[in-house]
Structures are given as C-alpha cells and as structure tokens.
Amino acid sequence: MSEPEPTPSAPHMTPEQFRRHGHEVVDWIADYWTRIGSLPVRSPVAPGDVRAALPSAPPEDGEPFTAILADLDRVVVPGLTHWQHPGFLGYFPANTSGPSVLGDLVSAGLGVQGMSWVTSPAATELEQHVLDWFGDLLGLPETFLSTGTGGGVVQDSSSGANLVALLAALHRASGGETVRHGVRPDEYTVYVSAETHSSMEKAVRIAGLGSDAVRIVEVDGDLAMRPQSLGARLERDVARGYRPVLVCATVGTTSTTAVDPLAELGPICRDAGVWLHVDAAYAGVSAVVPELRGLQAGVEWADSYTTDAHKWLLTGFDATLFWVADRAALTGALAILPEYLRNAATDAGAVVDYRDWQIELGRRFRALKLWFVLRWYGAEGLRAHIRSGVGLARELAGWADADDRFDVVVPHPLSLVCLRPRWPEGVDADVATMTLLERLNDGGEVFLTHTTVRGQVVLRVAIGAPTTTRAHVERAWALLCGGHDWLAADFAESAAERAREQTERRAAAERAREDAAREEAARAAALQPVDTPAAQDETAAQAHAQEDLPPPETAPRAEADHPEADAAPL
Numbered sequence: 001m002s003e004p005e006p007t008p009s010a011p012h013m014t015p016e017q018f019r020r021h022g023h024e025v026v027d028w029i030a031d032y033w034t035r036i037g038s039l040p041v042r043s044p045v046a047p048g049d050v051r052a053a054l055p056s057a058p059p060e061d062g063e064p065f066t067a068i069l070a071d072l073d074r075v076v077v078p079g080l081t082h083w084q085h086p087g088f089l090g091y092f093p094a095n096t097s098g099p100s101v102l103g104d105l106v107s108a109g110l111g112v113q114g115m116s117w118v119t120s121p122a123a124t125e126l127e128q129h130v131l132d133w134f135g136d137l138l139g140l141p142e143t144f145l146s147t148g149t150g151g152g153v154v155q156d157s158s159s160g161a162n163l164v165a166l167l168a169a170l171h172r173a174s175g176g177e178t179v180r181h182g183v184r185p186d187e188y189t190v191y192v193s194a195e196t197h198s199s200m201e202k203a204v205r206i207a208g209l210g211s212d213a214v215r216i217v218e219v220d221g222d223l224a225m226r227p228q229s230l231g232a233r234l235e236r237d238v239a240r241g242y243r244p245v246l247v248c249a250t251v252g253t254t255s256t257t258a259v260d261p262l263a264e265l266g267p268i269c270r271d272a273g274v275w276l277h278v279d280a281a282y283a284g285v286s287a288v289v290p291e292l293r294g295l296q297a298g299v300e301w302a303d304s305y306t307t308d309a310h311k312w313l314l315t316g317f318d319a320t321l322f323w324v325a326d327r328a329a330l331t332g333a334l335a336i337l338p339e340y341l342r343n344a345a346t347d348a349g350a351v352v353d354y355r356d357w358q359i360e361l362g363r364r365f366r367a368l369k370l371w372f373v374l375r376w377y378g379a380e381g382l383r384a385h386i387r388s389g390v391g392l393a394r395e396l397a398g399w400a401d402a403d404d405r406f407d408v409v410v411p412h413p414l415s416l417v418c419l420r421p422r423w424p425e426g427v428d429a430d431v432a433t434m435t436l437l438e439r440l441n442d443g444g445e446v447f448l449t450h451t452t453v454r455g456q457v458v459l460r461v462a463i464g465a466p467t468t469t470r471a472h473v474e475r476a477w478a479l480l481c482g483g484h485d486w487l488a489a490d491f492a493e494s495a496a497e498r499a500r501e502q503t504e505r506r507a508a509a510e511r512a513r514e515d516a517a518r519e520e521a522a523r524a525a526a527l528q529p530v531d532t533p534a535a536q537d538e539t540a541a542q543a544h545a546q547e548d549l550p551p552p553e554t555a556p557r558a559e560a561d562h563p564e565a566d567a568a569p570l
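According to full-length UniProt numbering, the sequence shown is numbered sequentially starting from 1.
Any given hint could turn out to be false.
Stated by the list, open to error - Per label pair, the in silico range of CB-to-CB distance: (1) Leu54 / Gly362: 23 to 33 Å; (2) Asp485 / Gly241: 53 to 63 Å; (3) Asp49 / Ala263: 20 to 30 Å.
Think of the hints as simulated: they come from the structure by calculation, not from any bench. Glycine is no exception: its CB is placed at the ideal position from the N, C-alpha and C atoms.
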C-alpha cells in the first residue's frame, strides 16, 4: 500500500518573519502619522474607485509582504477620510494613540476569547479593574463599581449599550416576563427628547416595542429635556394604561452637546419607577476633569450609564464604557447557559462572565488598550487632553462672537462649537451654509459636518484630535471667514447682475410699451377718412354751390377747341 501524498503545509508567518514585518508595519503607521497633515482630510475618490483598483479574483498564491504594504499606499490611503488628521473637525473625534494601537496589537497577538472568566481570567478581571478605575475617575456612584451591586463592562458602542440598557429595564419592569414571553408592544413606553441619539429609537425597534412606543419630550431653549414635560408625559401615559419603562437622558447630545438636567430628571424617574439611562457617549469622558464634572450632576440617580473612550479619550474604536447600578437586571435579561459553556467557576457563582453582559457571545480583550492608555498618559495626561480641546473650542467661539459674519447658536460647554453664518438679505441661508460647508471640505485642509438647530442649518466644529493645535483651529477659522467672504461677494455680484438684468428688462418693457403705443396711434390715424386738398379749403356753402354746377366737358372736346396745340413748334 503506497504512502499518501503529504498535505502541503500552509505558509504560516514565522515568529521571525512576524518580527521583521511587524517592524515594517509599525514604521508604516509612524510614517502615516507623520505625513497625515499633508493629506486631504476627506477622501477624494468617487464611488467604486477603490474596488476598481482591486483584482477581480483573490490571489491563488501568497504574495510578498512588501506588495501588501505597497497596496496600502496605492489603494487604501487614497480611499480614506483621515480621522486622525489635525484638520478633522467633523462628527465627534475618534481618537487613537500610540499606546492604544500597541494595546490592540498585544490583544490581537494574544488572540484570547474572553467570553467567560474561565476562558481567560485575566481578560475578565483586568476589565473589571480598569472599569472600576474609570468609574472612580469619572466620579460615578459607588453602585456602578464591581464592589457594589452593579459594575462596568466594555461594549462595542454606545448604540449597543443603549440596547442592553433597554433590555435590562424591560426585564426589571416586567419582573422577568419579557425573557419568557417577550414584550407586549402596546404596553411599554420609552422617553427621549428630540435631541436624543437615533440609536435609542433603533434599540426600541430591535427590542420589539416599535417606534410607536417612543415618546418625545419637549426641550428648553438650550435644547435640554424639560423635567416638567417628562413628568406630565409619564402621568398621562400611566393614566392611559401604559407602563413607562425607560427614560434616556443625554449628557452632550450629538447635534449640539446639550445636557439634560439629571438632578431634576432623576427624582421624577424614581417616583415613576422608571429606569434612567444616561447616554454620555461623547461628553462623559470629560468628567475626568474635575471642573467639568458638574455637567453630569445628578448621575447618582442613573440606573445605567455609557460613554465612549474611543471618541475623546485617546483609545481606538471600539471601547465603550458601560455601567449598571444593578447587574442582576442586566444579566437576568441576557444570560443563557448552554451545557457546553458550563464550568465550576460559573456554577459556583464566584465570577463574572461578561458574555452575560452583552448581546454577542464572543469578546476581544479590549481592556488591554484601555490599560495601556491609562498607564501611559496617567489621569493627568488624559485631563490635559480634554482641557486642550475645551480651551480651543472656547477660543473659536470667542472669535465667532466678536465677528459679525457668524453666530454661536447654542452653549458650548465642551469642545464642539455650532456656528451659523450670516448671509445677505434675500439669500437662502441654508443653501448658502451648505455651499460653504462643501467648499471647505472640498479644499482638503479641514473636514466639518452640519446639523440643524431650530430648523436652520448650522456648522459643527468638533475639536479633539490629538494632533489638533491652536494653529490648526486658527487656520480653520481663517478658512471659514475666507469662504464666507468669497461666497458673500459672489452672492452680491449675482444680486447686482440680477438687478441689472431686471433694470434692463424693465427698460425693454417700457420701450416695447412706447413702440406699441406709437404703432397703435398710427393704425388709428390710418383708419380716419381722407378729403381732397381743395375740399379741405372749401366752406360748406361753397361745397353746396358746386354741387349744382354742370360736369366739365371731356378732353377730346377741349382739343377741338384748341387746334393750335398740334401745331406747336418742335
């Protein structure tokens, strides 16, 4: 019997090859960070350009690593909007940093799956500890710590955190009935404001309640939720037979960073038996700075709280920090224990299994990058970063307040400034503002986004990238002013041209009316009867006398009376 053909081995990268190519990748990233300011912030490619640069079929054989790196520059980088660019001022920051990248690299290199404590105890316990550290740095209540009734966990996003908060609230409100029998869409109601992030409504849909379960609470002049309006809506819904289940309050709304008054909303929720969830996705991390902690005064009333380290806290996506005051409600809603996941530590109830704190089963070792970041920067380094962004935003707002071309339309407690350009009378302000936005973004030096405030388009300038300095904010302001002046001049020239055209049209219309009047007069004159010249000099008596005269003789008779006419000399 012949020996079978040996199965070819896969071309795995050896540790030494990894070491060599790993250095090349780190060098490439460092070079990218060095030159990022020279690249256009927003990608200039058209839809389909990236795919057109890729081969139609995958490679049959492996390629040299140098070819892969070369295609990063040839294919990938031109198709990127550069979120770490110092001129990236759109949406909210999406920070990363050297320590975060290296922490992620270690996590990827370890390749552990931290779904249960037993699958990697360090992944679970380091996460618990780091979340307790951050809970303390943010001034969160002790109930949110792992030593209390609740605890923290890293989620994939605040959108996901909003969903699990709702599921926990439903579990508590129903006494566990939603786990066994599902939800009754016509029974439960959820309360947001018009400024609440859209992910909350998506969570309501995913949970099976449907958008009709969402109640939109009125906001005040600063776009913050009105406590009195919330109380009135809760009372009205209870009287109609509904069961209010969750109120989502926001610290730092996406459009304008408005702040809902937690200290006033909290007692209302407590009295109504409603879960208070705080969505502080962008602004929550600012609480590492003691003087900014007052923005979330009343957080002790919260049942759950979420903030994103991957926005403004120098940690790469994804790194959402989520806490609950009662972990039993969360795990009650999400825990399932099939036989293949059973183990002694779980059965003894002595450990936390983070798979029961999230939607998905598997989970990466995300706490490592948070640990790296916190240990590299320290609390004071993180505070310095936040203070820098807030300070630059205040300077920008001050420049705009002193300039008659722009209005600062809402308060700016953190690093977002919302500007509304002023335009000449008769100009469509929204169209003009969007034209200015596209002109700025097309230029490549900066990237901004927009929103609407009280029905009007405004520009959002969100400062916070690690590389953004005062010089970059000054440049952005200069571009805003220059773009505004260019457009205003263009609008003025267009208005002048329209005025000239209108004047010419009026003059042409007047000439046409005069010509028409002359033509009409001429036609009227042509229709009047015309008399002979002699008759025009006769009196009426003379004309009557001439009527009785005999008619004149014919021409031949006249010739006969004068024969000499024929004899006239030649």
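Quick one: which hint numbers does this structure break? Sort them smallest to largest. 3
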